[in-house]
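J.: Using the hints, position chain B against chain A.
Protein sequence lines, in the order shown, are assigned to chains A and B. Mapping of the first sequence onto my numbering: residues 1 to 362, in sequence order. Mapping of the second sequence onto my numbering: residues 1 to 392, in sequence order.
What the hints contain is simulated information worked out from the structure, not anything from laboratory work. Cβ atoms here follow ideal geometry from the backbone N, Cα and C, with glycine treated the same way. Be aware that a few hints might be false.
[To be verified] A short list of chain A residues far from chain B (calculated; beta carbon distances all over 10 Å): (1) Glu8; (2) Leu53; (3) Thr66; (4) Leu118; (5) Gln324.
[Stated by the list, open to error] Distance ranges between label pairs, derived from CB positions: (6) B/Ala266 / A/Thr91: 49 to 57 Å; (7) A/Asp27 / B/Pro273: 39 to 47 Å; (8) A/Gln246 / B/Glu163: 55 to 63 Å; (9) A/Asn297 / B/Asp162: 47 to 55 Å; (10) B/Ala320 / A/Ser86: 53 to 61 Å; (11) B/Arg33 / A/Ala253: 35 to 43 Å; (12) B/Arg274 / A/Gln127: 41 to 49 Å; (13) B/Ser216 / A/Pro57: 45 to 53 Å.
[To be verified] Chain B side only, calculated, beta carbon under 7 Å to chain A, not exhaustive: (14) Ala218; (15) Leu282; (16) Ala283; (17) Gln284; (18) Ala285; (19) His287; (20) Ala290; (21) Phe294; (22) Ala297.
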Amino acid sequence: MNDGYRAEADALDAEILTAIQACRVPDFNDLALRIFAHQLRYNKPYARYCSSLEITPARMPDSWDTIPPVPAGAFKEAALCTFDPSQAFLTFETSGTSSGARGKHHLEDSSLYDASLLGSFEQYFLQGAGTIFRFLLFVPHVRGSRQSSLGYMMDRAASCFGDGQEQWFIKGHTLIVPGFVAAARVATDENVPVILAGTAFSFVALLDDLRERGIASLPLPAGSKIMETGGFKGRTRILSPVELYQDLSTVFAIPKSLIIAEYGMTELLSQYYDRSGEEPRTKAGPPWLRSYAVDENGKQLLPGTVGALVHVDLANRSSCVAIQTEDLGAVFEDGGLVLIGRERGAESRGCSLDAEALRAVS
Amino acid sequence: MTALLNVPARKIIATISNAAERWRDADFPARVRATQRIAERTGYSIPVVEYALDRLFFSIDRSSLEAVIAGELGEVEILDGFRPRPGRTDAWACPIGNVCVISSRTTIGVALPAALFALCAKCDVLVKDREDSLIASFFETLREELAEFAQAARAEPWSSHDENAPALDSFDAVVAFGQTETLATIRDGLTPETRFIGFGPRASAGYVSRESLSASGAAAEVARGAARDIVLYETEGCLSLHVLFVEDGGAVSAAGFSQTLQDEIARANIEFPRGEPASGRLAQAAHARALGAFRNASDENAPSEPPPFMPRLSHAIPVANPADALEYLSRHGLALEGFALADSRPDVVAMAVTAGAVRITRFGELQSPPLAGEHGGRPRIAEFVRWTDKTF
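Isolated chain A (complex conformation) (with noise of 0.2 Å):
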């Protein structure tokens, strides 16, 4: 890359790192259009995909709900960042599809990620509680699966928020079960909150392996937590948060206040948690993270109307700040989301799929 993409990149960087930092982002459209307009002109198939559209560095949109958004889907088919693949930092992969593919989302390097989640991890999820937790943990473990952007956020969040005591319960396609129950009782023991942390499926045979081990309660400290990062709907059955929030109320004594839903995906760099206390829930993101529904045709909808939810994330800078999903949701006047789902067809998203690839061999 040449000095005048590196000196944009990183002026870039400090700027968003700025915002993020101090949870405030001066001028949303202003920054969102110029991260864009970076990506014009360095993220070639970005590049070709709004010239389609007639979006180019000539004609651009002029607010940032009209920025482009790109198919999440595309990542399994072109490189989409802005600097050379082959020199990426981190490179995060989708839970793959039928045909095997998996998307990769390619980050230059990990300042804005780190900042980005830790940020919403401590405002939305912590809500600043300064409490030291420790993390058990039912999603792939970071050194084996370093593909899994999931992974990589709880242990970078293990780190910032926990105890230096984390444990991760799942190793290749087992979920470790024994394990687990020792630990719980073990923060019980030294009375010690602790952040419980996986996708719903993985959640679900959990508890069915407590179950027919007799445990019925294995009550955790006080001011505990649960984070469920989604996967509801599966390949191989649809669950009910309803029911699963109240399983996990009943068994792990926490107040179904303090589980709360964290939606993300591997081709975003920030995360929407569910705003606590609110029935039904609504999720709440960070400032550099907005987004809107779309109909079938990509015209976007009216506040509160269900659509197809697109994502413009700030943190993004490196390879496309506006994604489409196929995830089906609401988005409020306020910034509010209300996630209805992702469909039954669609791909798994994040690490659910490991999650239920584990659940079939075990």
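T.: Same frame as chain A, but now just chain B:
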């Protein structure tokens, strides 16, 4: 003994043909009522439903019915009693008995041809009807034409969970249209003696040869036909054009053809407006549409993904030759019903046959299957008869 056993086959055929002729009139009251109900059930627009009913009832006529029966059984009268057969024993194509036809959820009137041929074979027929009662309404017209049909032809909606659902193992033959799992469940519930005739999910494909892309006018004509095959029935039918191979090397490029196809789809959308979109697939459809646009703009290799099976969405794949198309179809294990071609180039026809297509036709005609052809590669009436030979 079945209700139509003593009715001459040609009279049955004439009755069916007369009833179908009444249904060809778009103002026929029963059809008007059915049209509205079908539109409500399927979400298709009225012009699409009208098109489907025209194609269905204009195809049902005396000559087609007689030609199929004569072709499969030798002659029509063999349904009425013993007949000599050149070089073979005398034989009578007796009705197999009671036939149940279970129609699928999405398509319009798919159960009707099977039911009508079972009636021509003088079977007693029960059709699991959809909420639009199309089959029941047509059977009512049959009864108006000939009273014996009151006993022979019945259509009712039911759910497999209903206590009063008919016991499928009490039938002599069961015809079922549906998903693979549904068919397996039905088949597993039958006795070994019950004849099971299953029609599982199938897709259709098309191949645009380089010769047909020799000029923009010819390419536009192919695109016009392909667009119609794509938009009708929201790309949900087994005869919808789900995957389209575009051969390299023509005067019109694959990308140029794709653009023409998009324009023709836009025109076809006017002739056949969209109905109520199924909200359950909205996000998938929006994503698939955007991904298709991304692929069109990309200089990447041909997509390796399976067809999206999304409403009114073309899945055009550039190929170098028919072998590439065959490789794609084999890789994704697509069971084919129709194959649309722009011309009858022998290597392309051979590829379509090898790929397993059971109907090869021209673009624009995929969705108009003739009654005189086979459906699903199976005979129309032969499976509804039990042969009795006479050797004295």
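J.: Each hint needs a verdict: does it hold in this structure or not?
T.: Right, here's what the structure says about each hint:
no.	hint	verdict
1	Glu8	holds, 24 Å
2	Leu53	violated, 7 Å
3	Thr66	holds, 14 Å
4	Leu118	holds, 29 Å
5	Gln324	violated, 5 Å
6	B/Ala266 / A/Thr91: 49 to 57 Å	violated, 39 Å
7	A/Asp27 / B/Pro273: 39 to 47 Å	holds, 42 Å
8	A/Gln246 / B/Glu163: 55 to 63 Å	violated, 32 Å
9	A/Asn297 / B/Asp162: 47 to 55 Å	violated, 40 Å
10	B/Ala320 / A/Ser86: 53 to 61 Å	violated, 29 Å
11	B/Arg33 / A/Ala253: 35 to 43 Å	violated, 60 Å
12	B/Arg274 / A/Gln127: 41 to 49 Å	holds, 45 Å
13	B/Ser216 / A/Pro57: 45 to 53 Å	violated, 31 Å
14	Ala218	violated, 25 Å
15	Leu282	holds, 5 Å
16	Ala283	holds, 4 Å
17	Gln284	holds, 5 Å
18	Ala285	holds, 5 Å
19	His287	holds, 4 Å
20	Ala290	holds, 4 Å
21	Phe294	holds, 5 Å
22	Ala297	holds, 3 Å
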